Structures are given as structure tokens and as C-alpha cells.
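For chain A, the structure is supplied; the task is to place chain B on it using the hints.
There are 2 protein chains.
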Amino acid sequence: MTTHLPPTVTPPIRILMGPGPSDIHPRVLEALGRPTVGHLDPFYLQIMDELQGMLRELFRTKNRMTMAISGTGSAGQEATVLNLVEPGDRVLVCVNGVFGMRLADMAGRAGGEVTTIEKPWGEVFSADEVKQALERVKPNVVAIVMAETSTGAWQPIEEIAAAVRETGAYLIVDTVTALGGISVEVDKWQLDAVYSGTQKCLSCPPGLAPVTFSDRAVEKILKRKEKVRSWYLDVSLIANYWASDRVYHHTAPINMTYALHEALRIVLEEGLDASFARHRKNQSALKAGLAAVGIGYATQAGRELPQLNAVKIPDGVDDLTLRKALLERFGIEIGAGLGAFKGKVWRIGLMGYASRESNVLLLLAAMEQLLAEQGHKFTQGAAVAAANKCYVSR
Amino acid sequence: MTTHLPPTVTPPIRILMGPGPSDIHPRVLEALGRPTVGHLDPFYLQIMDELQGMLRELFRTKNRMTMAISGTGSAGQEATVLNLVEPGDRVLVCVNGVFGMRLADMAGRAGGEVTTIEKPWGEVFSADEVKQALERVKPNVVAIVMAETSTGAWQPIEEIAAAVRETGAYLIVDTVTALGGISVEVDKWQLDAVYSGTQKCLSCPPGLAPVTFSDRAVEKILKRKEKVRSWYLDVSLIANYWASDRVYHHTAPINMTYALHEALRIVLEEGLDASFARHRKNQSALKAGLAAVGIGYATQAGRELPQLNAVKIPDGVDDLTLRKALLERFGIEIGAGLGAFKGKVWRIGLMGYASRESNVLLLLAAMEQLLAEQGHKFTQGAAVAAANKCYVSR
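Chains A and B, in that order, are what the protein sequence lines are.
Using our numbering, the letters of the first sequence map in sequence onto residues 1 to 394.
Using our numbering, the letters of the second sequence map in sequence onto residues 1 to 394.
Chain A extracted, bound-state conformation (with noise of 0.2 Å):
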């Protein structure tokens, strides 16, 4: 074998203000990369109850089956549609952009009798929507996301959550990128299934997907007549893992449980309502100092995540050169339109440790720039200004 090795890995240094991952805290960075010990380890053991203590309190629930799956958000999105549908179940899908779509998609291979309701894209569903939906489908399991990353659209859960309990099914909330950057309340709405990942607001690499399940969550898929269709994803056998008798599942990703470990310190240190409120306040100076350059929202008016801003390309920028030059100049990381948008909007995060002033005025200052090369017109200063004044104001 004549080998010729690539160089170590050199990363480049980014900002990541696209939708996730999300700039990762320096704390977690180096916890990650602290000694790895053995899955059965009494001492890691212990950081899994400390873990799961954390998530709880992420998630306000008091849920005995709360925890990391081994996998990215998406695997915990399959672990929640792959538990809890059965072969024939009806699943009602409320899809206004990619990720209802990949949940319909889910409940079709879970083997569910998948009805989808659609809203266009940046939309989100009243609750009278899905009212008349429950009445026409009677579906046992309903799935819908609360923060829609492909639309940047901030979805209200209680009002549906409570209409979804009143029917007797079950419901599937989506909140990769919702939690820690605003309310998830998954006791006080009644949720039955709520996922999320790890590198949206709580600034951690990619590679876990916390979960939480309801009691009556866990007595269905507890009677289930069939297996569940995927072994590795059965949680179930999970948490004879995470439960008291540690019985053998898979071999933990021991690093990244000690990377979420102390991201979760962090979102706790600073208390949810703090973080909530800061996120809101980044979103608001962002918003002032694109409107100032004459760039809006695609999402529906006052259904904007604080943490995910999908704007409009202004007509005559071009989308490609305006993402690369921010990406080789400034190091910033910004993501592009998908599916229904793509060409057409920029999806800007400030999510966790990104939702920052600093990332904030330094984004619209090198906006500023390339569209002022690319021949847009606006006000030089008048971005920083904008945001600027919202911060002065505090």
C-alpha cells in the first residue's frame, strides 16, 4: 500500500451564525476533549444522572425517561416518530417547511397512515387549523415542530398541545432549535415526545439528540405489539441503560456526554428566562440593522425565532458571492435558503453562545460592506446604527 496520509486536521476559525451548528463555548470545546473513561465507568455513570438532571430542567419536566440518544437531532427526531407510531397508527404531520416534511417522511417508514396538513413556507399553523384537522383525520399520533429551521418560524405549541391532549393522541414536538433559546414547557403543555439536538442554542458540537418522553408516551410504546423499527433507536432498551439497572445497550459517545454536561452547566448558570430574554434582544438590534439596509423577513410577522432569522436577499445581490466572501473574509458562517427558499432567503442564527452583541455589530458592519459592493443601495452606517441604538437603549 503506497499511502499518502492528508496533513492533521487544521480548522479554519468561523463564526457560525448560520442555522447550526451554532458557535460552540470555549468550556465546552475543552471538556470535550477531556480523558475518556469506559461506558460502564461508575464515575460516568454518575455524569449520565447529573445529564439527565440537567435536561430535565431544560425541558420543565419532571419525566423519568429523559435523555441523550447517540446521535444527532435527526436521530432523536426518529427516535420519537420510530416509538411511538406502530404499524397502522393514524399520524396527523403538520409540515410548513423541511423538517414536518422529514417527520411525515418518518411516520410513512415507522408505518403509520401519515396525513399531512400545509401551511406555505415562514407560515405557521392557528390552532383552529389543526383543530378541524384532529376532527377529519382522528389521528393517534400528531407531529409538528416548534421552531421550524428551514423558515426561521416560531410555532406556538400550547393552545394545539392542549386541543391534541383533549382527542386522547399523541404528541410529537420538534424543538432542535428551540430549546434554550425560548420557552419549552414540556410538562405544562402536556407533551408527550419532545426532541432537540445539541448544536442549536446550547453550543455544543454536533452528535446527541436529547429527548423526553411522558409516562403515558412510555406505556404505549411499552405495549407495542411489534417491535420497534429500528434496534439501535428502541428506547425502550435505552433506558434499561440510563435506568438504575444499567443494562447494556450501545457504547455511549462518552466525550460528547461530557461536551453536553457542560453546555447544559452553562444554559443553567445563566437561567433559562436570562437566556430567552438575551436571545430576544440580539434578534431585535439584528432586525433594526438589516431594516436599515432595506432587508425584511420571509417569516410571518411576529412568528420570527429570536434565535433563526430568515431574511430576504435584496433583488440584485447575489446570494453565492455575498455567503462566500463573509465565509474566506470574515470567517462568518451564514446558511443558505432550503427547499422553498433556496436563492431566496439567508438564514442567520444567533443561537447559545452566538447571540452575542459582538456577533451581532460585526455581521451587519461586514454586511455593510459587500453590499455596498455589490452595488445594493442604503445609507453607509446606517446597519451599525441601528443596532447600536437598541443596544444603548438597554
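It is worth saying that the hints were derived from the structure and are not from the lab.
Keep in mind it's a predicted model, so treat the numbers as computed, not measured.
Misleading hints may appear alongside valid ones.
If several chains are the same, the list does not tell them apart, and a pair holds so long as it fits within one copy or across any two.
[Said to hold, decoys possible] Derived DSS-like pairs (lysine-lysine); straight-line CA-CA distance at most 27 Å:
1) K227 <-> K138
2) K227 <-> K119
3) K324 <-> K342
The following block gives chain B in isolation, referenced to the frame of chain A:
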């Protein structure tokens, strides 16, 4: 909320000589904590290409579809099964330990009609035994474990693979504990779907699963009538992200990719043949040392894996007491027995970076101390002397 935060993670320093995770190479741990970039960053895409190239060298294959699944080894295992097995496929699974049993479980969940053949724990299958089953069952898919982590048995693959290929069936091979420690020849042996893990002989934390699929396996997958039963593990979708079009599937575990990249560099720097020889050498010293204090193997003679030694716990020695003392007084982790071997067997790993002369000597010295404390009869110093003799005679 009255949060009582746990302190930051401060792991004890362990010497990992169990069935995995094994000792992580310091260079790998350091690479893990390097700055995170986006999963579509041009830099990251290049790292993925390099990773694929190195994985192909390790698997000794030209297979285009060679990549890392975003989960632990078990996710790779299920990815091969769920993709290759279609509902109604006849699947023959060879079971001689935990991981064969798991393959059978997964094949059932995939909708396969599963037939198992079995051998006692610690033994391997002969080519004739498999040939007879092939004639009887006429399977579409066959699955077998090359390095059974629960028993330390080294299953010869080449002749069995030829027999399976002759029938036209597809062969899945588990190389989780094999890869990097013993010879795996994907192209030469014409294997169809092969999976591994990062935390065994690659000296990398758990969290990714290297996999490779032959062109004919890919053809079978692309012709499926029913969608793969997991979206997350659907390799036809995952491959679009690894291929030149880079279609977004899920957010890859960026930092784990850095770690695996460095781990593969280390293995290929040493060279595969040199690595295999090192594993054999250290095993022979361990084996001689253990024999000198009356400890023998639970695995069929001649089929003991160099990287994983399943040895019989001597009569009168308490399993838990000894393993606890090894961990607490020496920081050494060895593995307990699983299933049929529970309480009867220790599993001593000498995998990757952990397969070092220092580890062998320290373990034997510590074992002598602890065995003496438990009243086990042997000549003090005999284990270390026997091992040293192997090294001196180099």
C-alpha cells in the same frame, strides 16, 4: 427554579483494557477539541473526502460507498442490516455471542425472515457448517461477526465469504472489534456490507461507525421496493451528502470526524501489517503471563483474537472484588463477561493504542498482587517473568 448545578466533569485517568472503549490516543483526544466548523464548510467537505480515502485503505477496498455513520458501532451495524434486508428477505445469521444475537434481532426488525445457526460461546463456525445452512435456508442475505466482542473469538471469513458469494447472497460482516487489529480484506474477500466502530482498535472515542458497501450491495439498496425502515440510517440518502453533490441530510458530528481523521492517520502511519504484528506480540506476552498464574482462555484454541482476550476467572477468585480493585487502585478497566460468560470470564482488551508492552506488564503485575490477596495459588513474579521473556526474545 432552584438549580443546584453539578460541578464540571473531571474524569479520573483510566487505562482502558476492556472490550472498548479502549485507550484513546492523546493526539486523537486533542484533535477532538479543535474549533468546530459548519457541516457544509468547504474545509469540512475536504476532511470528509480525506476520511473516506483513509477508510478505504483501512477496509482494503475501492468501494465508492465508504463513509462514517453518525452514531456508534451499533448504528453502523443497524445501517447495514436495515438497508440490505427488505421485508420478506430470507436472512441467515450466524450466532455465537451477543453481537450475532443482535444481528438476528435487527434483521427481524427490518422485516427479514430470519434463520439462525448457532455455536457455543467462544467457538467459531466452520465453512462447512455455513455451507450446509446456505443449502438448507437459501438466504438472500447472510450476516456474521468476524471478531465477537462478547467471546473473544476470531471467526475466519474468507472461505465463508466465497461460499456465500457462490449462492448470490449478500454478506454482512461485523468488524467492530476487528478493524485495525486483524486483517480485514473487503475487496479480496468480496464482502458486501461491513461495519465497524471507532472505540476499539482505532483508539478514538465512541461516536462514529465506519461502513463500506460493495457496488452490488448499493445496487440492491437502490432497487428496494420499500423505503429503508429508518430515515436516519438510510444510506442512499446519507451517500448523497458524502458524494460530490453534498445534499444536506443531517448535521454531521464535526468534532468526532476530526478525531477519527487523526485516528486513521495514526493507524496508517504505523502501517496495517505493523499494527497487526504489534497486536499479536502483546497478546502472546499477556497469554504467557496469564498461563503462568493458571489463567486460561474461554475461547476455542487457535481462534483467540489478539486484541480481545476472554479468559476464565480462576476458581475461588471473586470477579467483582478483583475488577473493582483494578479500577480503584490501578485505574485499569477490564471487562466483565456478558450473557453466557457473565461471572465466569474477564475480557481483557489490547486494542489499538492500548496494545502496549507497558499495559501488559502493569496489568500482570497488578493481577499478581490482587490474585495473591484473594488467596489464589501461584509463584509470585511468574506472570511478569513469563511476559518479559516474550518481549526479551524479540
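Hint-by-hint comparison with the structure:
no.: 1; hint: K227 <-> K138; in the structure: both (24 Å within a copy, 26 Å between copies)
no.: 2; hint: K227 <-> K119; in the structure: between (34 Å within a copy, 26 Å between copies)
no.: 3; hint: K324 <-> K342; in the structure: within (16 Å within a copy, 57 Å between copies)
The structure is consistent with each of the numbered hints, conforming to all of them.
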